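Peer 1: This is what each chain is made of:
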Amino acid sequence: MSSELVTVAMPKGRIFEEAVELLRKAGYDLPPEFEDSRKLIIEVPQSGMRFILAKPMDVPTYVEHGVADAGVAGKDVMIEEERDVYEVLDLKISSCYMAVAALPSYDPGRDVAPKIASKYPKLTSDYFREQGEQVEIIKLNGSIELAPIVGLADRIVDIVSTGQTLRENGLVEMETMMPITSRFIVNPVSYRTKAAQIDEMVDRLAEVVGKEGVS
Amino acid sequence: MSKLFMFEKPQGMRDTLPELYELKQQVKKAVSSEVEQWGYKSVQTPTVEFNETVGTASAILDRQLFKLLDQEGNTLVLRPDMTAPIARIAASTLKEAHRPLRLTYDAPVFRAQQYEGGKPAEFEQVGVELIGDASASADAEMVSLMVSSLENAGIPSYQTAVGHVGFVNALLFEVLGQETRVEEFKRYLYEKNYVGFRKAVDELPLSSLDKRRLYELLRLKGGTEILEKAEELTESAEGKKALSQLKQLLEILADYDMDQNVMIDLNLVMHMSYYTGTVFEAYSEGLGYPLGGGGRYDQLLGRFHHEEPATGFGLRVDRLTEALGKEKKPLASDLCIIFSRERRKEAMNEARSHRSGGRSVVMQEITGIQQVDAFSAQFQEVQYFIGTNGNGGSGS
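Chain order of the listed sequences is A and B. With the first letter of the first sequence counted as 1, position 85 gets the number 85 in UniProt numbering; the numbers rise by one all the way through. With the first letter of the second sequence counted as 1, position 21 gets the number 21 in UniProt numbering; the numbers rise by one all the way through.
For reference, chain B alone in the conformation it holds in the complex (with noise of 0.2 Å):
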């Protein structure tokens, strides 16, 4: 390797410098503040676990673990996401309280840096988890409680798109009878490679009508109408029952009246194996990727030995600002009082008495500062208490 220049950090860490931090922090505080009004209780889990266990058990690929030993040659990993922790926690020493139990967090994580620019290998995430309740009425949940925290963070035009892994499983299962031709298929689908689907179909021995079924899978996209088409394509016992779900989620959605930026994406496969029902995804239109997302993951619980259902969201810190847009607002920090030697006892009355006040003030002496005109222009309105006597001057 190169010698490193000093300024250089590892590929794909970022700094927050003062400005974005506070934008990064009302988006979070907007977040969280929406969660715990749901009554969401918020966790802290180590950023560092074993690899065996969250690692393996996490939603994220193998190749996207950022890995290290410890003195004991365990491989363990930093966190690739929040609901393998908690999923550890809910199966261990949080297994004897009370279900449902909701849990929210807000931590860094971590994915294996990538050599290109806008995908960060550290970035947080808010997000809640809701364990131990099976019903449609926990998944429509999530949405709405994503959805408003959307809307309490001012996010413009954002849409939800609302799948059901389950529904995908079932029809795929109808028409081809096998495991692992439902793998294959679903692989495409999570690839979003319809090209590849479409050929795949036209390359099996399956009856017109069969064949028929799988394009339609394609297209099942749009409103509620979907369902309805829907229907008509799956006979199994698990195929309606997926789509019974999404009917009652839809409906408690329209009551929590938030069903109007919801769009029905029977095709979204966000993770081969992980989900297993609803899935969902936020989008907002001034933005490439999506801003966060979630579903339900019955069988997470089961690998660290307590069978339970469970659903959950997380929403991307980074990209909710980025989809924010950059609002240049002036730092907290609004008033400076520059003083002397002579006055500062004088100078630090005012500051506490406008710091009680609830405003934030900055304290300079003025033989530390090289330029005082430029220095003082940062601030909104600057005091001065400079000299051995008369008023304290006042400017801006």
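Extracted from the complex, chain A is given alone in its bound form (with noise of 0.2 Å):
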């Protein structure tokens, strides 16, 4: 942690492209290479920023030991990690949900065991103790459309945004499980040895996120 900078963990993918739009609302005045720079860590003195680029799931980890001060990560890798960070605004971003999907042929009662397939074992795992069903799961790092297809597993637990890639490999949609947007998350120590900037970047996100009127 340097004391002049506030650093942030950004998620490279699916989400960097709306987060990044979301800073710049929020008056930000990132460079116009930012999206193209294979760099993975990116200063910008100007607004006393660092940003350093990981993947999505490593975004909470970089948070949680203090590497990073602040981050943005999505709430299904908040649920899989559960990391000790706070967790302090909803971005609204990139919004999807978590869902559990199956071959249209899929019937529970022929189910030698009840295997699941999915990114997400602690989630998947806790969803379905919650609903009062034990399930084995088969970790996947991606890809996760083809267990059922190839006979891997029977369901699987994805995000779904738009439901394309279900449809186009013929899965279907059994349970949706719970919304997903990405939030923004702050180191417990940072959010008080460096509560002037951080509690600054909340209030100008709030206001941009809030104008955005998505909710």
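What the hints contain is simulated information worked out from the structure, not anything from laboratory work. Since the structure is predicted, the reported quantities are computational estimates derived from the model, not experimental observations. Hints may be right or wrong, so weigh each one.
Using 25 Å as the maximum straight-line C-alpha spacing, the simulated BS3-like pairs for lysine-lysine come out as follows [what the hints assert, rightly or not]:
hint	chain 1	residue 1	chain 2	residue 2
1	B	Lys241	A	Lys122
2	B	Lys199	A	Lys92
3	A	Lys119	A	Lys55
4	B	Lys119	B	Lys67
5	A	Lys139	A	Lys122
6	B	Lys186	B	Lys199
7	A	Lys119	A	Lys12
8	A	Lys92	B	Lys211
9	B	Lys240	A	Lys122
10	B	Lys229	B	Lys240
11	B	Lys229	B	Lys241
12	B	Lys119	A	Lys55
13	A	Lys122	B	Lys186
14	B	Lys186	B	Lys240
15	B	Lys241	B	Lys186
16	B	Lys28	B	Lys119
17	A	Lys119	A	Lys92
18	B	Lys247	B	Lys199
Bring the two chains, given one by one in their own frames, into a single complex with the hints.
Peer 2: What follows is the structure, encoded as structure tokens:
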């Protein structure tokens, strides 16, 4: 943690562009090459900030250990990772939801064992436990839709934004589990030792998020 | 389990090598000496306790306990903190001792292993417990003693946050009216989930005024002006009482001249049920985790059948050491005397005179060394007592 700059961990990929747009709207002067850069660390001294670009799943890890003061992370990652960080603000971007999906021919009565493939083993097992069902989980790192098609698992748990991927692979959504949006998260120490900068950032972001009128 | 390599240790267990040990000792000494100067007396308790007593009474969650069985089948725990064992002593063997009781400890505690680095399963804590004093003055003594310990240990740019669980409970109860709801909302604060807190507020059938009171709770963080804002939010006697205790605490801290690095944070909920009043945590800018913390726990001694107010704090030696940074210092044994058999007696006399002067001296017979140059390079000064005659040579 550098004492002058506020370090913000940004998720690469899907959420990145929306998050950058939001920061710009909040008045943070990010250079135009920000999106194209292959750098992992980008300093923006005029805004008093430094960005580190991480895998979405890793953002809460950087923030919990305090190498980043704050970050942008999906609620899916927050539930899966259970990190000790402040979830300060719903940024209301990259809105989607978690769902259970299966082949249309899926018949729960014929399960030898209820097997579910997911990138989110913890979230999945917690969800089914709350539903009173004990399931076996197969952890995959991507292309989850493949699992029921090739017979690795009967059902999958994954993020759904438009449902197109599911449809294209002949899967149907069986249950909607929970809505997902991106959150602004803050390290508990930075939340106090860099209170002025962090609070200002939260206020500016909150104003933009409110203006969007998404909720 | 795959076959262990001989160098492996159980998950989360750490070795401390000489250089780090020295640094840790300095940190512990700095904190302990400050605490002793404030009149706290040291105690030691067993590493292993009963799960049914200390295990369940401690603030540490059940899944974080190291458990084992004794020969009678009782579940034992490696002590997860020192507060519960000290509460046990205060409620039993020291029941008759004059109050307020001021005790301190310096001991390793154990938390179940986690599969991630940076979270040790055993670490040392230095802390104090002040038992039998319910006053704001006792709380203020905790905060100022913690701050002056950090000061004495040389921790750079530290910050302390002070809150009050009584205020949180009172405000939530005033607005929500039921204990179960209070628990639910307190859990959001405990989990640091402000988004969830706000959503839950939105979904409740409350007046817009009441909703605003709950939203405002999330913003009660900052300087003394926060207490005035908080005053406007609460109407209950408990809430007002909590705030007046905090106000008193701040006044006392100002008298101690220790109010500069203290901020108010009325959302600070460090535990769901353990703390009953003032709570506080210490942070350093250079470290992502709190250095330590504490608060008032007026119900703990009751669990040992001896109702009594108590307050205390604990500092983590590993984190203090990390916050200090790893300044490399040469080890204390700065003089080495290398001798041969013929001049052993002479070398011993020389060593004795240095040692009695307080200097640490390594004595090494020349035949025991494989590479003299590499060996002697570790020391600031090397003296040679070699050969059958002549004077002791000196080199560096």
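Peer 1: Please go over all the hints and tell whether each is borne out by the structure.
Peer 2: A quick look at each hint next to the structure:
| no. | hint | result |
| --- | --- | --- |
| 1 | B/Lys241 x A/Lys122 | violated, 42 Å |
| 2 | B/Lys199 x A/Lys92 | holds, 13 Å |
| 3 | A/Lys119 x A/Lys55 | holds, 14 Å |
| 4 | B/Lys119 x B/Lys67 | holds, 18 Å |
| 5 | A/Lys139 x A/Lys122 | holds, 10 Å |
| 6 | B/Lys186 x B/Lys199 | holds, 14 Å |
| 7 | A/Lys119 x A/Lys12 | holds, 17 Å |
| 8 | A/Lys92 x B/Lys211 | holds, 21 Å |
| 9 | B/Lys240 x A/Lys122 | violated, 42 Å |
| 10 | B/Lys229 x B/Lys240 | holds, 12 Å |
| 11 | B/Lys229 x B/Lys241 | holds, 15 Å |
| 12 | B/Lys119 x A/Lys55 | holds, 22 Å |
| 13 | A/Lys122 x B/Lys186 | holds, 24 Å |
| 14 | B/Lys186 x B/Lys240 | holds, 19 Å |
| 15 | B/Lys241 x B/Lys186 | holds, 19 Å |
| 16 | B/Lys28 x B/Lys119 | holds, 20 Å |
| 17 | A/Lys119 x A/Lys92 | holds, 22 Å |
| 18 | B/Lys247 x B/Lys199 | violated, 31 Å |
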